[in-house]
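A.B. asks: Each chain is listed here by its residues.
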Amino acid sequence: MIGLLSYLVFFTSVALILAVVVLGLNLQWGATGLFNAGIVGFYAIGAYAFAILTAPPRPELIGNFGLPWLAGLAGAMVASALAALVIGLATLKLRDDYLAIATFGIASTIQLLALNADPLTGGAMGIASIPNPARGLTGSPIINNLCYLALVLAIVALVYAGLQRLVESPWGRVLKAIREDEIAAQTLGKNISLFRLQAFVLGSMLMGLGGALYVGFVGFISPSDFMPILTFQIWTMLIIGGSGNNKGAILGAIVVWALWTLIGAATSLLVPAQYQAYGGALQSLVIGLILVLTLLLRPRGLIGERSTTSRHAA
Amino acid sequence: MIGQAIADGLLTGGILALGAIGYSLSSQILKFANFAHAEFLTVGAYLALALVTLMGAAEPIGALSFGLPLIVATILAGIGTGLVAIAVDRLVFSRLRSRRAAALTLVFASFGVALMLRNLVLLLWGPDAHYYGQELQIAIEVLPDVRLLPDHVFVLALTLILVVSLHLFLQSSRVGVAMRAMADSPALSQACGIDTASVIRWTWLLAGMLAACAGVFTGLTVQIRPELGFNMLLAVLTAAVLGGSGSLFGAVVGGLIVGLAESLSVLVIPASYKPAVPFLLLLLVLYVRPQGLFAKSTRA
Numbered sequence: 001m002i003g004l005l006s007y008l009v010f011f012t013s014v015a016l017i018l019a020v021v022v023l024g025l026n027l028q029w030g031a032t033g034l035f036n037a038g039i040v041g042f043y044a045i046g047a048y049a050f051a052i053l054t055a056p057p058r059p060e061l062i063g064n065f066g067l068p069w070l071a072g073l074a075g076a077m078v079a080s081a082l083a084a085l086v087i088g089l090a091t092l093k094l095r096d097d098y099l100a101i102a103t104f105g106i107a108s109t110i111q112l113l114a115l116n117a118d119p120l121t122g123g124a125m126g127i128a129s130i131p132n133p134a135r136g137l138t139g140s141p142i143i144n145n146l147c148y149l150a151l152v153l154a155i156v157a158l159v160y161a162g163l164q165r166l167v168e169s170p171w172g173r174v175l176k177a178i179r180e181d182e183i184a185a186q187t188l189g190k191n192i193s194l195f196r197l198q199a200f201v202l203g204s205m206l207m208g209l210g211g212a213l214y215v216g217f218v219g220f221i222s223p224s225d226f227m228p229i230l231t232f233q234i235w236t237m238l239i240i241g242g243s244g245n246n247k248g249a250i251l252g253a254i255v256v257w258a259l260w261t262l263i264g265a266a267t268s269l270l271v272p273a274q275y276q277a278y279g280g281a282l283q284s285l286v287i288g289l290i291l292v293l294t295l296l297l298r299p300r301g302l303i304g305e306r307s308t309t310s311r312h313a314a
Numbered sequence: 315m316i317g318q319a320i321a322d323g324l325l326t327g328g329i330l331a332l333g334a335i336g337y338s339l340s341s342q343i344l345k346f347a348n349f350a351h352a353e354f355l356t357v358g359a360y361l362a363l364a365l366v367t368l369m370g371a372a373e374p375i376g377a378l379s380f381g382l383p384l385i386v387a388t389i390l391a392g393i394g395t396g397l398v399a400i401a402v403d404r405l406v407f408s409r410l411r412s413r414r415a416a417a418l419t420l421v422f423a424s425f426g427v428a429l430m431l432r433n434l435v436l437l438l439w440g441p442d443a444h445y446y447g448q449e450l451q452i453a454i455e456v457l458p459d460v461r462l463l464p465d466h467v468f469v470l471a472l473t474l475i476l477v478v479s480l481h482l483f484l485q486s487s488r489v490g491v492a493m494r495a496m497a498d499s500p501a502l503s504q505a506c507g508i509d510t511a512s513v514i515r516w517t518w519l520l521a522g523m524l525a526a527c528a529g530v531f532t533g534l535t536v537q538i539r540p541e542l543g544f545n546m547l548l549a550v551l552t553a554a555v556l557g558g559s560g561s562l563f564g565a566v567v568g569g570l571i572v573g574l575a576e577s578l579s580v581l582v583i584p585a586s587y588k589p590a591v592p593f594l595l596l597l598l599v600l601y602v603r604p605q606g607l608f609a610k611s612t613r614a
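Those protein sequence lines, which keep their order, are chains A and B. Residue 47 in our numbering sits at position 47 of the first sequence, with consecutive numbering throughout. Residue 476 in our numbering sits at position 162 of the second sequence, with consecutive numbering throughout.
One or more hints might be untrue.
With a straight-line Cα cutoff of 25 Å, these simulated PhoX-like cross-link-like pairs (lysine-lysine) come out [to be verified]:
| hint | chain 1 | residue 1 | chain 2 | residue 2 |
| --- | --- | --- | --- | --- |
| 1 | A | Lys190 | A | Lys176 |
| 2 | A | Lys93 | A | Lys176 |
| 3 | A | Lys176 | B | Lys345 |
| 4 | A | Lys176 | A | Lys247 |
| 5 | A | Lys190 | A | Lys93 |
| 6 | A | Lys93 | B | Lys345 |
Simulated from the structure, these hints should not be mistaken for laboratory data.
Next comes chain A alone, as it looks inside the complex (with noise of 0.2 Å):
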């Protein structure tokens, strides 16, 4: 019982972790059109830049400054931010699938800088011992964990709403008249790659905001946390759920992460050790079909974007 109760609040806290990142591919794709093929560099950014401010000083490391958490999430906003910078203004006034090479471009770099950039990274061995405010609070793990479950919450009701009162603001709107009708927005005085970049770069924040909650909260980071494949889960989620509806990306969130871990649970449960790495594989044959398949048949995905219409509109 409290084995299950413990994996529970495990499972929905990685769930909501990821649901921020979802949310920030909304306002990215959802919202403004942008596609966006290198998440996991700027959710890894984040992760990487928190550990770095965040955690014990080590002689053999560069930083491990041991600043207090809500220094260590602002860092990683802020890095994701300046990633997102570079990427942008190199990318957002051209074609729109330049964005998508160049996203998925910097999300190979930044895995191999992982691998690689040893003094900052700890290269393959990871930075341990990443604080968790929630750790220390009583000497029950679980209760330490559903401590953490609610700080994460609250992080996702904040960015909900903010995200919610953003894209119906008149900042929002424009987002939305871009995707639609480029140039008719454009006949209308917007400066649409200021828009762009604006929306990329909050979004890119979130995602870093993401990375850095994750590994506050299982306290390591290497680089096997940031694998590929997390791209393309955090797609699937948001298509799943809805794209252009944030409370269709929090679900998505919820129900791709039970679906992904339920697979996982079953071929590791039937498929002999052995032939673990044919599991994993098959994972990703799942998340790849169910994805092509949604395009194809659902495009909407499970509650999809609200059709506005003026209120001056007949």
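Place chain B on chain A using the hints.
C.D. replies: Same frame as chain A, now just chain B:
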């Protein structure tokens, strides 16, 4: 040192060029970035592997590490990969096109397709590395201090032949002209009575065949793994962006630049950072000359 690095770079660059040509062809004619293109390299390499295994052992040709079966297998794998590409288009991309989905939706679907193809290959052949043969080869000194394996010389020569024949095909055959017309303006070509569905099939067939050749060549010079194509994706895309849209020549030069930059980079940075070189090149091009080196028009 530099001579050897240049020779290695030309070899990788040639292979990348084959990938980039196929990618540019399909992205210009179908108007979307197909991220699954790299998986066609993997599919081609593994199809050739299956065929070579099926045909059994054979005497190697001259100093090469492989015999006639691999050549036959490459041709068949090329056609097979072309058919896989056509099938993917039927099942996924054409359905989205007929619904008039946005180009980015197709990019997105191509990600899903890539994931499926890669993991299907992994499930069928396993995660371990494979080789077309076990023959050992002795490197030949082609220039002072530049050594190449006979296989490498073969790959370079064949790449050159492929590029030249593709150029002739696109310039003078009916299908080639129709393909170029469609790349310029699909609506206008349709109005001129070009059978667009057939041009699309030809495009996938050619893209798949070139990808399969690139895949087999990579398998021959490195090794065959399920991530073979995926690991080259960024380099192939960069080569295509570098080349700019509109010319076969551009994609070839793009491939060679990326290949040379990768292999020369090892002289100044640690080899483990080599895979980051395409990304740096990509950023450089996007900031400085986003229309590519050899764009036909200044339209970005």
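A.B. asks: Hint by hint, note whether the structure agrees.
C.D. replies: Hint check results:
no.: 1; hint: Lys190/A x Lys176/A; verdict: holds (12 Å)
no.: 2; hint: Lys93/A x Lys176/A; verdict: holds (17 Å)
no.: 3; hint: Lys176/A x Lys345/B; verdict: holds (23 Å)
no.: 4; hint: Lys176/A x Lys247/A; verdict: holds (17 Å)
no.: 5; hint: Lys190/A x Lys93/A; verdict: holds (14 Å)
no.: 6; hint: Lys93/A x Lys345/B; verdict: holds (18 Å)
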